[in-house]
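Participant: Construct all of the structure, not just a fragment, from the sequences and the given hints.
2 protein chains.
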Amino acid sequence: MSLIVQKFGGSSVGSAELIKNVARRIAEYRKNGDQIVVVVSAMKGVTDNLIKLARDVVGTPAEREMDMLLSTGEQTTIALTAMALHALGWEAVSLTGSQAGIFTDGVHTKAKIRDISPKKIHHYLDQDKVVIVAGFQGQSEDGQITTLGRGGSDLTAIALAAALNADLCQIYTDVDGVYTADPRIVPNATKLSEISYDEMLELASLGAKVMQSRSVEFAKKFNVVFEVRSSLTQTTGTLIKKESSNMENVVIRGVSLDKNQAKITLVNVPDQPGVAARIFQTLSDAAINVDMIVQNISHDSSPPATDLSFTIDQPDLPKALNLIEAHREKMGFRDIISNEEIGKLSIVGVGMRSHSGVAARMFQILAEQEINIDMISTSEIKISVVINLEKSEEAMKAVHRAFLEESTPIS
Amino acid sequence: MSLIVQKFGGSSVGSAELIKNVARRIAEYRKNGDQIVVVVSAMKGVTDNLIKLARDVVGTPAEREMDMLLSTGEQTTIALTAMALHALGWEAVSLTGSQAGIFTDGVHTKAKIRDISPKKIHHYLDQDKVVIVAGFQGQSEDGQITTLGRGGSDLTAIALAAALNADLCQIYTDVDGVYTADPRIVPNATKLSEISYDEMLELASLGAKVMQSRSVEFAKKFNVVFEVRSSLTQTTGTLIKKESSNMENVVIRGVSLDKNQAKITLVNVPDQPGVAARIFQTLSDAAINVDMIVQNISHDSSPPATDLSFTIDQPDLPKALNLIEAHREKMGFRDIISNEEIGKLSIVGVGMRSHSGVAARMFQILAEQEINIDMISTSEIKISVVINLEKSEEAMKAVHRAFLEESTPIS
Numbered sequence: 001m002s003l004i005v006q007k008f009g010g011s012s013v014g015s016a017e018l019i020k021n022v023a024r025r026i027a028e029y030r031k032n033g034d035q036i037v038v039v040v041s042a043m044k045g046v047t048d049n050l051i052k053l054a055r056d057v058v059g060t061p062a063e064r065e066m067d068m069l070l071s072t073g074e075q076t077t078i079a080l081t082a083m084a085l086h087a088l089g090w091e092a093v094s095l096t097g098s099q100a101g102i103f104t105d106g107v108h109t110k111a112k113i114r115d116i117s118p119k120k121i122h123h124y125l126d127q128d129k130v131v132i133v134a135g136f137q138g139q140s141e142d143g144q145i146t147t148l149g150r151g152g153s154d155l156t157a158i159a160l161a162a163a164l165n166a167d168l169c170q171i172y173t174d175v176d177g178v179y180t181a182d183p184r185i186v187p188n189a190t191k192l193s194e195i196s197y198d199e200m201l202e203l204a205s206l207g208a209k210v211m212q213s214r215s216v217e218f219a220k221k222f223n224v225v226f227e228v229r230s231s232l233t234q235t236t237g238t239l240i241k242k243e244s245s246n247m248e249n250v251v252i253r254g255v256s257l258d259k260n261q262a263k264i265t266l267v268n269v270p271d272q273p274g275v276a277a278r279i280f281q282t283l284s285d286a287a288i289n290v291d292m293i294v295q296n297i298s299h300d301s302s303p304p305a306t307d308l309s310f311t312i313d314q315p316d317l318p319k320a321l322n323l324i325e326a327h328r329e330k331m332g333f334r335d336i337i338s339n340e341e342i343g344k345l346s347i348v349g350v351g352m353r354s355h356s357g358v359a360a361r362m363f364q365i366l367a368e369q370e371i372n373i374d375m376i377s378t379s380e381i382k383i384s385v386v387i388n389l390e391k392s393e394e395a396m397k398a399v400h401r402a403f404l405e406e407s408t409p410i411s
Numbered sequence: 001m002s003l004i005v006q007k008f009g010g011s012s013v014g015s016a017e018l019i020k021n022v023a024r025r026i027a028e029y030r031k032n033g034d035q036i037v038v039v040v041s042a043m044k045g046v047t048d049n050l051i052k053l054a055r056d057v058v059g060t061p062a063e064r065e066m067d068m069l070l071s072t073g074e075q076t077t078i079a080l081t082a083m084a085l086h087a088l089g090w091e092a093v094s095l096t097g098s099q100a101g102i103f104t105d106g107v108h109t110k111a112k113i114r115d116i117s118p119k120k121i122h123h124y125l126d127q128d129k130v131v132i133v134a135g136f137q138g139q140s141e142d143g144q145i146t147t148l149g150r151g152g153s154d155l156t157a158i159a160l161a162a163a164l165n166a167d168l169c170q171i172y173t174d175v176d177g178v179y180t181a182d183p184r185i186v187p188n189a190t191k192l193s194e195i196s197y198d199e200m201l202e203l204a205s206l207g208a209k210v211m212q213s214r215s216v217e218f219a220k221k222f223n224v225v226f227e228v229r230s231s232l233t234q235t236t237g238t239l240i241k242k243e244s245s246n247m248e249n250v251v252i253r254g255v256s257l258d259k260n261q262a263k264i265t266l267v268n269v270p271d272q273p274g275v276a277a278r279i280f281q282t283l284s285d286a287a288i289n290v291d292m293i294v295q296n297i298s299h300d301s302s303p304p305a306t307d308l309s310f311t312i313d314q315p316d317l318p319k320a321l322n323l324i325e326a327h328r329e330k331m332g333f334r335d336i337i338s339n340e341e342i343g344k345l346s347i348v349g350v351g352m353r354s355h356s357g358v359a360a361r362m363f364q365i366l367a368e369q370e371i372n373i374d375m376i377s378t379s380e381i382k383i384s385v386v387i388n389l390e391k392s393e394e395a396m397k398a399v400h401r402a403f404l405e406e407s408t409p410i411s
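From first to last, the protein sequence lines are chains S and Y.
Residues in the first sequence are numbered consecutively from 1, following our numbering.
Residues in the second sequence are numbered consecutively from 1, following our numbering.
Where hints are given, some of them may not hold.
The list cannot tell twin chains apart, which means a pair is met if one copy fits it or any two copies do.
[To be verified] Straight-line distance between alpha carbons at most 30 Å, and here's what the computed DSSO-like set of lysine-lysine pairs gives:
1) Lys112 - Lys129
2) Lys52 - Lys129
3) Lys120 - Lys110
4) Lys20 - Lys44
5) Lys52 - Lys20
Everything labelled a hint here was simulated from the structure, so no lab data went into it.
Facilitator: Following this line, the structure appears as structure tokens:
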């Protein structure tokens with residue numbers, strides 16, 4: 001007998017019919033005699049409707065009241081999912097985040113899980129019931145309803161798997177696993193049977209939107225093995241787990257492309273201590289996330305000055321440009337250039353650590369395609385380049401082909 | 001400084017716009033420096049939608065899960081109402097039934113309030129906040145979410161008024177008070193400025209559907225004075241309170257007509273002990289509520305037999321007839337006659353106790369209108385007659401005119 005945590009997202013429980021499907025899937029596992037804890041999100045569209053209602057009432061709703069409001073979404077789904085299991089003849093009981101013993105800090109709309117006290121869950125599992133827990137929500141120490149923010153239901157599932165010492169944690173979603181690249185762009189992309197936490201983290205933060213980074217980080221911290229798989233098919237998904245020695249034999253795990261970035265270049269920034277800090281502090285204060293940063297010496301200036309380039313999320317561009325314009329004098333640069341026509345192409349793999357020449361090979365592939373590299377950034381297990389948007393998909397295909405389709409050994 | 005409990009029903013909070021109206025009304029009282037506790041229902045239509053969703057998933061949903069599901073309705077409204085007050089610049093905080101300290105027994109979908117522990121409510125009132133409590137719901141001793149059944153939000157308001165020792169309890173609804181008769185039938189009906197609990201109870205149970213009897217009974221038990229008034233106008237409503245001596249000067253407080261009853265007559269029922277008990281036990285076991293019962297001697301039978309007539313709610317008629325047919329042999333009657341074309345006309349007033357001749361006068365008025373009386377039933381403060389449905393509205397007008405429009409003294 002295993003203890004399995006299964007999480008179903010909003011599109012998997014988007015209607016009464018879909019909820020019945022989910023119940024049938026849970027029942028299949030239950031038939032094997034396994035103990036099942038299910039985590040569900042709000043039905044697709046419900047959260048957006050609630051947000052709209054709140055906006056109709058007040059411009060900027062108080063966060064405590066947003067949590068009170070939004071937490072009803074998952075509460076609705078847990079009740080319906082329990083009913084759907086009853087209809088199939090299985091005993092099941094629903095629990096709100098607070099009833100399930102999920103305790104968080106008091107930071108409304110983006111609370112952090114502090115502690116899980118799964119007494120009630122064990123109580124019902126011992127009675128042979130399927131336990132359905134509301135994702136995305138918890139309770140603060142003083143009894144307030146809190147929510148965990150984006151990707152919160154995944155986090156609930158992984159945290160419960162850790163607290164319950166589950167044998168398996170399955171994240172059901174609308175894709176059937178993690179791919180070597182986005183199959184909509186690279187038709188030859190293949191599904192990975194396994195991937196390490198670190199690789200998944202790089203891919204998650206690079207625009208392969210299977211899961212939010214915080215859930216993967218949490219899983220890594222508590223060493224929770226989980227599987228990403230589809231709620232619509234019976235196919236095995238991708239296992240996300242600790243790096244193992246045989247994983248290193250694969251140099252590149254995947255290729256990702258982020259087309260949602262913009263580049264800003266400040267020309268002739270005074271080459272003095274503190275100038276860069278001032279610029280990035282200004283952006284950070286406005287909650288604008290800066291990704292890659294490159295600084296070069298400017299050739300045509302006296303006193304000495306540099307050109308500073310960085311990338312941000314595209315929707316933040318107008319706000320960022322306004323802010324920088326407003327501080328032009330203080331920052332002392334000469335010109336500001338922005339470019340939305342960029343793509344950030346990355347290759348990820350823990351095998352890079354033990355294989356040299358990966359970056360060189362990537363640059364060569366791009367050169368063969370006559371693709372110019374704008375910016376470069378590297379980490380231990382990732383190489384990212386910023387290139388022209390128009391050529392980015394072509395570049396992605398070429399890189400995928402070279403690293404993941406052809407069996408050319410490196411080094 | 002007064003402590004006021006205000007309750008707003010589903011039609012008063014049926015949209016974002018209506019919730020903003022409600023907030024403006026609350027703010028008017030708050031401006032006077034009063035402490036306000038607000039109880040709200042689910043937005044109109046929300047509960048029905050949730051019930052439909054549940055039915056789409058399973059034929060007969062488990063009651064525990066229904067409570068989990070339906071309690072989200074009020075939780076949505078409390079959050080939105082708090083937001084609407086924030087938009088007007090007032091501090092407000094929402095509380096679920098369980099957060100508000102409303103403890104019930106464990107009978108899901110029709111729980112009874114056992115205890116109220118208003119510590120949190122006082123805590124927030126002391127911080128000068130308006131406290132918005134979810135009506136209709138509570139928490140059982142072992143932490144389950146429960147709901148109070150029909151009319152539950154009124155009950156929450158009145159129970160909170162009792163527990164908080166409130167100075168005033170206002171029940172806002174879509175009528176502006178309790179009338180001497182239904183104004184849609186009797187245009188000359190006038191709004192009552194006050195009415196006793198007992199009179200209100202008789203009217204509530206007689207088809208003047210302003211409030212459920214259980215809330216009035218609760219108010220009577222704990223001596224909570226409350227006002228029924230409209231959420232759409234500024235007009236003063238009707239005060240419901242303990243009977244006072246000057247109330248007795250008014251002989252008849254109101255006239256009500258229930259057109260939703262059906263009459264069953266069993267002809268030639270054996271005149272033996274236990275026969276009536278058997279008949280009514282059968283109906284009671286099937287949850288069919290019997291209202292008036294009349295038994296007459298049957299003239300044409302040997303051995304002795306009687307005719308037994310009684311009234312039930314019209315929707316129960318087919319079920320009742322089937323049940324009685326199925327037990328025909330055991331019950332031993334000769335014939336069964338049913339009639340849906342009836343109206344039950346009642347006059348109510350605590351003044352009846354000290355005034356004789358009221359029944360005689362009512363019968364005389366009906367005789368003058370050539371209206372035949374089918375059944376009669378009386379209590380200390382009420383006289384009801386069953387008459388032909390077609391003539392019932394005409395009869396109601398005549399009775400209203402004689403008792404409530406003309407100033408003829410009685411006795």
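Participant: Against each hint, give a clear statement of whether it holds in the structure.
Facilitator: Outcome of the hint check:
In this homomeric assembly, Lys112 and Lys129 come within 30 Å of each other (Cα to Cα) both inside a single copy, at 28 Å, and across copies, at 27 Å. For the identical chains of this complex, Lys52 and Lys129 are inter-copy neighbours only, at 25 Å across copies versus 36 Å inside a copy, given an alpha-carbon limit of 30 Å. For the identical chains of this complex, Lys120 and Lys110 are neighbours both inside a copy (25 Å) and across copies (24 Å), given an alpha-carbon limit of 30 Å. With identical chains, the CA atoms of Lys20 and Lys44 are at most 30 Å apart both within one copy (15 Å) and between copies (27 Å).
In the homo-oligomer, the alpha carbons of Lys52 and Lys20 lie at most 30 Å apart both inside one protomer (28 Å) and across protomers (15 Å), since each shortest distance falls under that limit.
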